[in-house]
Amino acid sequence: QKEVEQDPGPLSVPEGAIVSLNCTYSNSAFQYFMWYRQYSRKGPELLMYTYSSGNKEDGRFTAQVDKSSKYISLFIRDSQPSDSATYLCATSSSGSARQLTFGSGTQLTVLP
Amino acid sequence: GAGVSQTPSNKVTEKGKYVELRCDPISGHTALYWYRQSLGQGPEFLIYFQGTGAADDSGLPNDRFFAVRPEGSVSTLKIQRTERGDSAVYLCASSLMASGGETQYFGPGTRLLVL
Chain H
24 QKEVEQDPGP LSVPEGAIVS LNCTYSNSAF QYFMWYRQYS RKGPELLMYT
74 YSSGNKEDGR FTAQVDKSSK YISLFIRDSQ PSDSATYLCA TSSSGSARQL
124 TFGSGTQLTV LP
Chain C
36 GAGVSQTPSN KVTEKGKYVE LRCDPISGHT ALYWYRQSLG QGPEFLIYFQ
86 GTGAADDSGL PNDRFFAVRP EGSVSTLKIQ RTERGDSAVY LCASSLMASG
136 GETQYFGPGT RLLVL
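In order, the protein sequence lines correspond to chains H and C. To convert, note that position 97 of the first sequence is 120 in the working numbering; the numbers rise steadily by one, no gaps. To convert, note that position 25 of the second sequence is 60 in the working numbering; the numbers rise steadily by one, no gaps.
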């Protein structure tokens, strides 16, 4: 079993829809939670960053972390065709390991 | 400012050959990471450097893989006796320092194809 599980999709929605992307994780040591966006043939780009449990909002994007259930979510409001990309959840711990542990990514297409 | 750059952007080689992949981190970033991303998967950690030294190489799959960062800036990932299974996108990331939760900035990757 992978440490971070993510539904690979693909997910296709009409423009303007609310998108919900989710991940679960198994390692209780994870303290930092991130969402990266990756366009085709590009490197991952940091979208949202959250420390421990709680919500964080940035424009049309909201990240939620529930450490009690080990559940990570990203919501996109008023989705746009330019949001079409692969979304990767990632985690890291506060211990000696510094690397990010990624989910497998969800491919999102927003149809105009 | 300039982001993380990686060269070459694409590399095609034959099974058994040696390849070198280069990463130029963001200026001033002391931590540098290498990841490997297979098709349809998320990036998987290979190795990270704090300054010139490899602080954690636990993700390197075997001894055919090696990385260096001799002056604490540019890093080279070296793969000996390449195998078809090494075909993937090799991503480099850098961060200001290697502390928990530090934001990692990724380069565009090098697409390696081993024939």
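Hints in this document: simulated from the structure, not taken from any laboratory. It cannot be assumed that every hint is accurate.
Claimed, not checked - Below, a sample of chain H positions facing chain C; criterion: calculated Cβ distance under 8 Å:
hint	residue
1	S63
2	P67
3	Q122
4	F125
5	G126
6	G128
Positions of the beta carbon are idealized from the N, C-alpha and C atoms, including for glycine.
When the least beta-carbon distance from Q122/H to chain C is tested against 8 Å, hint result: holds, 4 Å
Quick check on the hint: S63/H CB to chain C CB, less than 8 Å? For S63/H, the interface hint is violated, since the closest Cβ of chain C sits about 11 Å away, which is over 8 Å.
At a threshold of 8 Å, is the proposed contact between G126/H and chain C supported by beta-carbon distances? Since the shortest Cβ distance to chain C is 5 Å, the answer is holds.
Holds or violated: the hint that G128/H contacts chain C, with Cβ atoms closer than 8 Å. holds, 5 Å
Quick check on the hint: P67/H CB to chain C CB, less than 8 Å? Result: holds, 5 Å to nearest chain C Cβ.
Can we keep the F125/H interface hint, with Cβ of chain C closer than 8 Å? With Cβ-Cβ at 3 Å, under 8 Å, it holds.
In summary, the one numbered hint that this structure violates is 1.
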